[in-house]
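**Q** Sequence positions in the sequence shown follow the numbering used here and run 1 to 910.
For the record, the hints were derived by calculation from the structure and aren't laboratory data.
Check the hints yourself; a few may be wrong.
Stated by the list, open to error - Okay, the calculated beta carbon distance ranges per label pair:
#, residue 1, residue 2, range
1, 756, 884, 26 to 32 Å
2, 739, 637, 48 to 54 Å
3, 408, 828, 25 to 31 Å
4, 755, 491, 30 to 36 Å
5, 830, 755, 15 to 21 Å
6, 643, 898, 41 to 47 Å
7, 573, 380, 46 to 52 Å
8, 608, 380, 49 to 55 Å
9, 884, 832, 30 to 36 Å
10, 826, 284, 21 to 27 Å
11, 496, 887, 48 to 54 Å
12, 296, 348, 16 to 22 Å
13, 887, 404, 47 to 53 Å
Keep in mind it's a predicted model, so treat the numbers as computed, not measured.
Just so it is clear, CB atoms sit at the ideal spot from N, CA and C, and this is done for glycine as well.
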Amino acid sequence: MPPSAPQPPLPTTPVAPPATPAPDPVPAAPGTDPASPRPGPDVPPAPGQPPPTPAPDLPARSVLDAEGACAVIPPTSATAQPAAGSGPVLRVVELCFPTQGNVSSIEFETYLYYIKTRGSRPSQNVWVPYTPEVEKDLVEDFKRLWATNFLDDLAVEVLDTPYPNGVVGKYVRFRLEERQRVKIVEYVGSDKIEATKVDEKLREINNVIRLDSFIDPAQIRRVESVVREMLAEKGYIDGEVTHTITPIAGGPKLVNLAFQITDGPRVLIKDIDFIGNEAIGDGALKRRMKENKERTLINRFRSKGVYQQAKFEEDAENVRGLYREEGYIAARIGQPEIRTLETSADGKSRQVQLRIPVSEGRRYRVGKFAFEGNTVVKAEALQPIFKLETGDYYSEKKIRKGLEKARELYGTGGYFEFTGFPDLKPLDMVDPSDPEKFLPEGAEPNGPPVVDVTMRMQEGEQYFINRITFKGNSTTRDNVIRRELNLLEGGVFNTESLKNSVRRLNQLGYFKQLEEGQEGIDVKKTPGEKNKVDVTLALQEQNRNQLTFGAGVSQFEGFFGQLAFATSNFLGRGETLSLSLAAGSRTQFYQLAFTEPYLFDRPITAGLDISRRAIQYIGAFTQETSGINTVWGFPLSRNFTRAFLQYSFERTTIRDLNEGFSDPDVIGRNPFLQDSLLLQCVTSPPTEENPLGEQTCTPGGARTISKFVPSVVHNTVDNPIFPNTGRRFTASVDLAGLGGNTKFFKPRVEYVQFLQHTRRTSLGFRVEGEYIRPWGDTLPLPLFERLVQGGEFSVRGFDIRSIGPRDPVTGIVLGGNKSLLFNGEYLISIAGPVRLVLFYDAGQVRNIGENFAWSEFKTSTGAEVRFFMPVLNVPFRLIFAANPQREGTLRNDYTPTRNFQFRFAVGSTF
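Construct all of the structure, not just a fragment, from the sequences and the given hints.
**A** In structure tokens, the structure reads:
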């Protein structure tokens, strides 16, 4: 019985009263908190009776009876009775649980809290008159008990028990039956649905059946519905879910709730057939369906190809969206007809065909294209961004992109609440007699398919920034973060500047990635302020201070070990400091470097590094270089474009030269090689065996290179380690000759682009061109400055320095003066810091006087697993490459390049 039900009967005859009707088994929700207890008025003791003895106040009591019924009412006593001639008094208020052995599963004091009516206290000679007000109080007690939601049944009866002096004592008894309580929950019968998965799903929707909670039929029905949905998501649309409730020992009203799950056959989609489509083919429509797809060898590993009835409407909306993009604004997609094609012998799967009816309707052209509601931006400025004019076929895709551009446009002015939508009026469906009304559904069109489009703009108000605050930057100082922002407190809230600011912060690498729309970026209206917002960035620091040591192997470095201290956020100031010591079987590298990105608190980069390195090119020579380098940079725009000027002075020597380089025949065929390598050649005196004498050449002297490198870099790549979006353009020119003994200029252009494909995949590519030419008295280029390719940083399947012009006899790579390089990657995020990268590389190096040719490109394709190692702060790579175009190339051991190559590497190609 809900609280709004009629008042319970209060019988007053001494015989057993009629049974109270059972309440509704699904009671109403609990009501408001009851008022504090209120005792009834006291009745003075009868004349000549002794004063009462104080006793505890027991307004109600539990009655236990071994036979399972309410206890027999005790008789009244002549020694404790109200004054003769008094009206009826409230003798006792009693609770009993006759259907459950008079045992309550809930603490008895809990029920006492909801009963406010108090009986008489004979020991204290205090008598409570039974008045109409007391009856009203009992009715309120009844309602409060029922509103607790603890009970399945509740009744109240009032029995007359006269005292010896004739005064009537009213004996009030509440009969309670509690609801069943869950002690065990089970999910049985299914091989496809795990109990833990069901519990996780129920927690997501806040519908968990908790142990020791009351049985709730509505909640049980919701659980059954959730389990059916989980079965349907896996393709078991015929699955059944029922439940049983079984009493168990251990207490009153305790039950075991078991859900019986029958999976049924799994429904697999073998074929999808659209019925009624003429303008757009089945293939294009199928590609728009994201959830219900035909089962193929590939998508079965992605849990696709099973029929998901609950998600069909989402797929149908995607198909309708394709039609609207093509101008079919009235296209309709019906419910699919499911035809069984084949059932497996064990009955566990069933292959079906989905026959989906399509009503395309007419293809509409745009009539009038107008704007309403825009007061800030004129229609003349909005029209071009929608790219729809009168006579064009209507396209919802252009409308959607136009609204995105309009949102960006309004966002730059602080109108971040801007919204808009198209209001379509198909003129062929307008009632000729009343232009404001449309023809009834199913009526024949009365003209050509033309639709008037009115863009309803809701601009909202202009907002300004009140406060910008940061959370979580325990190391990085506020000013380091604030200088990367394009927003100012008190200025217009420019949403596009916020996006650019977030990208700039991500490029620093100091924090975990921030993404628009996530919890890390919080924009709230300022309380008590009009047209103002507070912007909060919740940051999570990444450890940019590292003291690391490690060892490994790669083709470029061989076996190597390293010890390094590096920080890209020195003392939280955003400065970069590194000290590196690395030694390997083919490389040695020592460097001390420091970079200040904001010199004198201005956006000017200043850096200095001192280094010494030795690299052994297998089969060629060992190059040793020591030098000093300084770089200065300043912004060309507020966001992502900077100019740099670098000066370096290096001293380079060569040792361990391959004998082939000093072969007189090789030098004869390459007249500049001797000067290029700074060879010192000595001819021995002639002998009878060698009348011309023997020429011996050894490396001698050193190349000193003093060069300036001006460059321009535009970089919007979102993440330096695992990029997903953005582009990087670099143009630089090496100008050597202001000092030193080597003069050349080397222009270089590089373009890198990353495009997000899906949430977990992206596409990246790089195009690079280089050219080098000596000038002045430097006729031959140093061998180590000549252009070559090969290795994990250019064409992955080829050895280091294996692509380039060679000596025709010995096969030694001499290098060229111009090169082209292309790299393409499809990056797939597997889990956490692990990526699978599918790649294609193509490169070519040509010499002076030679032109590029398609047939001369060397190509490599394959896959690599790339995983981030926090210890070294770089990605490690396992590369498997195939080299389809490798003619004329040799490995570093001068054997032909293999068709397939596996290698280990560190870093990234671009």
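**Q** If you check each hint against the structure, which ones fail?
**A** 2
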